[in-house]
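Participant: So the chains spell out like this:
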Amino acid sequence: MKEITYVQAIAEALAEELERDEKVFCIGEDIQTGTFGATAGLVKKFGPDRIMDTPISETAIAGAAVGSAMTGYRPVADFMFADFMYIAFDEILCKAAKWRFMHEGTQQIPVVFMAAMGGYLGLGAEHSQSPVSYYMHTPGIKVVVPSTPYDAKGLMKSAIRDNNAVVYLYHKALLGSTGEIPEEEYLVPLGQADIKREGKDVTLVATGMQVQFALNIAEQMKDKVSIEIIDPRSLEPLDIDTIVKSVEKTGRAVVVDEDTSRCGAACEISMQIVEKAFDYLDAPVQRVAAKNYPIPPGAMEKFVLPQPQDIIDAVEAVMG
Amino acid sequence: MKLEKDQLVKFYSLMVRTRKLDNLMIEALNSGRMAGFYHAGPGEEAVGIGACTFNMRDDDYLYPHHRSHAIGFTLARGISPKGWVCRHFDKNPGEVEGPTAEERGIFGISGTIGGGFPLSLGWGITAKKNGKNQAVLSFFGDGASGRGTLHESMNMAAIWKLPIVWICENNQFGQFMPIKDAFAREDIADIAAGYNMPSAVVDGQDVLAVHEAVEVAVQKARAGDGPSLIECKTYRMRGHAEGVPDVDHVDPRSEKDKEAWRKRDPIVLFKENLIKQRILTAEEVSKIDKEADDEVAELDKYQQECPVMVPSDASILDVFLYAE
Amino acid sequence: MKQTVYLMAINEALEEEIKRDEKVFIIGENVQQGTFGVTSGLVQKFGTERVMDTPLAETAVAGAAIGAAMAGFRPVADMMFADFIYIAGDEIMLKAAKWHFMHGGKVNVPVVIMAAMGGGMKIGAEHSMCPEALIMHTPGLKLAVPSTPYDAKGLLKTAIRDNNPVIFFYNKGLLGLPGEIPEEEYLIPFGQADIKREGSDVTVVAISRMVHMALEVAEKLKDKVSVEVVDPRTLEPLDIDTIVESVKKTGRVVIVDEDNRRCGVTAEISAQIFETAFDYLDAPVQRVAAADMPIAAGFLEDYVLPQPKDIEDAIERVMA
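Protein chains in written order, with the numbering used here: chain A, 6 to 325; chain B, 677 to 1000; chain C, 63 to 382.
Simulated from the structure, these hints should not be mistaken for lab results. From the three backbone atoms N, C-alpha and C, an ideal C-beta is built for every residue, glycine too. Hints may be right or wrong, so weigh each one.
Partial list, computed: chain C residues near chain B (C-beta under 8 Å) [said to hold, decoys possible]:
hint	residue
1	Thr121
2	Ala127
3	Glu153
4	Trp161
5	Phe163
6	Met164
7	Lys168
8	Val169
9	Asn170
10	Gly241
11	Ile250
12	Gln254
13	Ser288
In silico BS3-like pairs for lysine-lysine, Cα to Cα no more than 27 Å straight-line [claimed, not checked]:
hint	chain 1	residue 1	chain 2	residue 2
14	B	Lys896	C	Lys168
15	B	Lys758	C	Lys371
16	C	Lys371	A	Lys307
17	C	Lys85	B	Lys805
18	C	Lys258	C	Lys168
19	A	Lys296	C	Lys168
20	C	Lys371	A	Lys281
Let's have the full structure, built from the sequences with the hints guiding it.
Facilitator: Here is the structure:
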């Protein structure tokens, strides 16, 4: 095992896949330097033909990646901020997500759309979102949200090898967080949740940055309540079985997500728990998510984004 | 229209104040007094100030850009910089005298590059419908020339003869991307031909040249003769944002190029010109510089005395979310 | 009262509002002719300056309408198919939705983005969507989804007078639906659900075209079960109170919506019912929505979109 940061883990996954498969290439704005460091250093090794800097053209970056994926390549399109992917919604949510289906499975679209999501840095409404729900809602596209360096690397490698469109959203506030990964190659399959901490009283489902909050809270509350933390790691496919199994054991569930609450990931996961484990529930499922507002900048951010105290309150609510 | 002496002095004073406010923000961010983003723009003052100061009416519309967080535009439109300074320090300026940005037709800056084109198109439609000969000045950087919104918006503005002056502040760099690698032609202004729209390429370091080119375009717009495109060649002296690598793709940017452009600093060029033409003496110039220093120090002191902008509860969010 | 059809009710609302307020204008592709007839005939009455045909340019149509709204007009942008709003994701979901908020409430954006949504015409994945969740998930946007000529006219007039961005999705499958509307002017306030049929055993919350499917099923089952059909009419604001009142009476709920299920409208309304009326529920809420796949073209559409049989089955499950 070796110690590595979250952002280095992503860069390492990209480097290994670029090395392994000549069909893999990266395309995006300023990726040769890398705004968040996830693509930094790759151009020195692989050259500008495989690490392609583009003009500011999100629509065309997404569309070009989809096009080259249809025709045999495995592009990784980088959008810098997840907020910028809205500019390419037609390309991502209609073309990448639907064209295989529309053409009766005759096409393969092995593209990865990567971007940095998340708040807690005070960057305001157009640079802080975690827009997972749009992708989770749109059939035909997979969504990956790693919370640790181990997951970040293993999921990126799987995303690149997947023959479908995958949205890979890494969290800006986790870039420098550290963790251990194996020296040798490994993959983390999509659709396999990870139990980040075992417990028996409450099942706490969390992704991305919220996993860190959850782990701190579980430790902090450990004398009062035993919390089991489940990180789905990918929201589509969603490993609902692992979540349901945990809820069958604990009888109580809290679902935490950083995206907006209404029609969000926490809403969907809560509903699936209710639908699949209704008889096991000792209390209504609690969802903790961003409130239904745009994300304000600076100090006001905390009024909208989920805070550790919100998670504690929800745990106490299900414990009654 | 020939500019009067006091107008020339105003150009100089606005550019100096813009530079010094820019420096305040760079210092504050780098010393940790301020949090967040700052996209400085020293050396690009002549474009916004030359274009907006005397060519715009109070009821015109303006889409500025993110460089120097539009402080040059703010000053040129006669808006108090107090709100601008306080906002950067998360301070509440209270009621500030003078027009608000909205009253001067500035509705914000898009967090996504190229988001300003369609909005400006909308203001152009408004201006035409209002029938009061209003004009829209819509600025964009060279980087935004990559966006598809540019085509859609310029095309419609042209076919409908909307009173929009598109102004490209070509500072030669997107974040890490040199425009020579991001646009197929040397001059972005060349795209105007495709929309049957007049265009001009001007020296963005020359505040008078910018003023004059925009003056012609604004007059055309007000006369109902449709949009124009003006490209102002300038140069980005610092990184895209403070703390972000200042690179050309991955390599450090050319110091030689920077040095050459530093010699063409728009404030220095204009100052020398004013002194040479005996419009101002060296002493008078120093006095203006000193006044600007004092004003910026005063603004910094003002923001320090203002309360922190944190509402006691989240109810303000509902006010922000929906209008009555 | 007078007899009209759904599309004419929309047309009438536009005509009345254009006549009433000189700040109202329509902009969009082919609005002078009117692809679905809702804007037809208006250019002859109001001229090309107020009924503006544009090139094919959805991004700029939406953005221009939003810009004009900021600057004092009340534009109605017609996007033709609801599927085309994806092309203007940045403009609608970041600019229209957030700019009032981002500028401390100082910039008003009184724009209506209207488009035809819905399936049933078997025209495939990119012309049949009901992208309601996309809008409902995005804070700052209001969403009206009329199911009858009466609602269509009254809601559109309210939408145009609202000082916020409103997405008005009319349903392609209802264009020719007849119904009565008053001779005199009327408005329908947002956030006011309508009980389309009273009943006592089960609450069916249905949206847009699904209201009619629910009514059909209610009629069919009337000897066995008394179905109450509640139509929220606007999804944001959502009149959860009327829904919960009905649930308190019946104890059983089925939610029917034509958008995809995952992170969809049915998930959100179900979650809100669980959160506010858990103790009144005699059975888990059932959601009926489009399957989580793109909408297939041709006869395969029936396998994706909700069918009367799905509603019937769901009612049987909650009654069991």
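Participant: Against which earlier hints does the structure fall short, listed by number upward?
Facilitator: Numbers 10, 11, 12, 13, 14, 15, 16 and 18, in rising order.
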